[in-house]
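S.K.: The residues making up each chain are set out below.
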Amino acid sequence: MGSELLSYIRDYAEKNNVKMGLVFAIGSIKNPKVGYFDEKSEGYITIDLKGTYELLSAQGNISIKDGRPFPHVHVIVGDRTGKCFGGHLIEAEVFVAEVTIVELSGTPLERNISVKGLSLWAEER
Amino acid sequence: MGSELLSYIRDYAEKNNVKMGLVFAIGSIKNPKVGYFDEKSEGYITIDLKGTYELLSAQGNISIKDGRPFPHVHVIVGDRTGKCFGGHLIEAEVFVAEVTIVELSGTPLERNISVKGLSLWAEER
Amino acid sequence: MGSELLSYIRDYAEKNNVKMGLVFAIGSIKNPKVGYFDEKSEGYITIDLKGTYELLSAQGNISIKDGRPFPHVHVIVGDRTGKCFGGHLIEAEVFVAEVTIVELSGTPLERNISVKGLSLWAEER
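Those sequence lines, one after another, are chains A, B and C. Just so you know, we're using the working numbering here: the first sequence kicks off at 104 and counts up by one. Just so you know, we're using the working numbering here: the second sequence kicks off at 104 and counts up by one. Just so you know, we're using the working numbering here: the third sequence kicks off at 104 and counts up by one.
Please note that a few of the clues may not be correct.
Among the chain A residues that face chain B by a calculated CB cut under 10 Å, a handful are [to be verified]: (1) ILE129; (2) SER131; (3) LYS133; (4) GLY138; (5) LEU158; (6) LEU159; (7) ALA161; (8) VAL180; (9) GLY181; (10) ARG183; (11) CYS187; (12) THR203; (13) LEU223.
Below, in silico cross-link-like pairs of lysine-lysine (DSS-like), each with a Cα-Cα straight-line distance of 27 Å or less [to be verified]: (14) C:LYS133 / C:LYS186; (15) B:LYS153 / A:LYS186; (16) A:LYS186 / B:LYS118.
If you are wondering where the hints come from, they were derived from the structure by calculation, not from laboratory data. Cβ coordinates follow ideal geometry from the N, Cα and C atoms, glycine included.
Working from the sequences, and respecting the hints, build out all of it.
M.R.: Structure follows, in structure tokens:
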């Protein structure tokens, strides 16, 4: 409780040397900031969600960026009426979160390609 | 068809002795009841969704509570216009569901901590 | 970039002989077409979403239909305000997508049952 979700996942991966993996989470989070990638400006628009939300889905991956484990996570949250909001996870305060990190073996994927403001993997593995 | 989704998952886990696992599902469900955890009252507000919805995402886990397999699942559903609703799964009638339970080995997690009306695991594993 | 997401998954499964598996993906997609299964007409209503969306969740599976790998995927997308839409994936142009296919071993599931316009697996495994 009280941690920031994305840095929690990054710190966990770093501490446990997870170089490639999948991320899933459910729980309850506060004041999530999520991004929408705007192709025109080649950057993320920040969507500032105020309040406490059910964390309905977190789906993402861990790969290597600049030599360190880097989580990329998209989230969907629900408000007290059941309405859903979501985006690319920028930050969120954890009320409670049940996070699963599935470590994948093999040569880690690396974000070493930069296209239109996005840091990507090579195309297919 | 016709089963109740959450008890189906619990019964399956119990019958197959799944003590720790991940849950995923897609399909089509009817009259889902979902919850939003209200920090103030320390309890779930029930959101009663009437009708038939696409089950767009079910994400959750199985752990041990009071000595028995206990599923905790969050769902997102879509209506005929594509609009999304979701919450903590309380119950839903299955029209069709394709459920995957990924059994995890190791010492099962146990919900043996009670905080603010929530039944939780110990903090990190 | 530029591929169609569902046929990309099917082609990948076919090329790599994935007969049973789970599908997850996040990314950014354009002009997704998603379906809502209408019980009355026993067919899918097509929901035509125009524009570019964050792909917040793709959850699905691969099984065998008519002797070939067949992906069944449900998606949730978010617009630039964070609003969510979703359904049964019919097609979507990929802007970027990070797709994970988890291959499952064992006897592949086969969609060999036809009920109310849906092609289903036998009930439990």
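S.K.: Now tell me, hint by hint, if it's right for this structure.
M.R.: We went through each hint and held it up to the structure:
| no. | hint | verdict |
| --- | --- | --- |
| 1 | ILE129 | holds (4 Å) |
| 2 | SER131 | holds (5 Å) |
| 3 | LYS133 | holds (9 Å) |
| 4 | GLY138 | violated (18 Å) |
| 5 | LEU158 | holds (7 Å) |
| 6 | LEU159 | holds (4 Å) |
| 7 | ALA161 | holds (8 Å) |
| 8 | VAL180 | holds (9 Å) |
| 9 | GLY181 | holds (4 Å) |
| 10 | ARG183 | holds (4 Å) |
| 11 | CYS187 | holds (4 Å) |
| 12 | THR203 | holds (6 Å) |
| 13 | LEU223 | violated (24 Å) |
| 14 | C:LYS133 / C:LYS186 | holds (15 Å) |
| 15 | B:LYS153 / A:LYS186 | holds (14 Å) |
| 16 | A:LYS186 / B:LYS118 | violated (35 Å) |
Hint violations for this structure: numbers 4, 13 and 16, all remaining hints satisfied.
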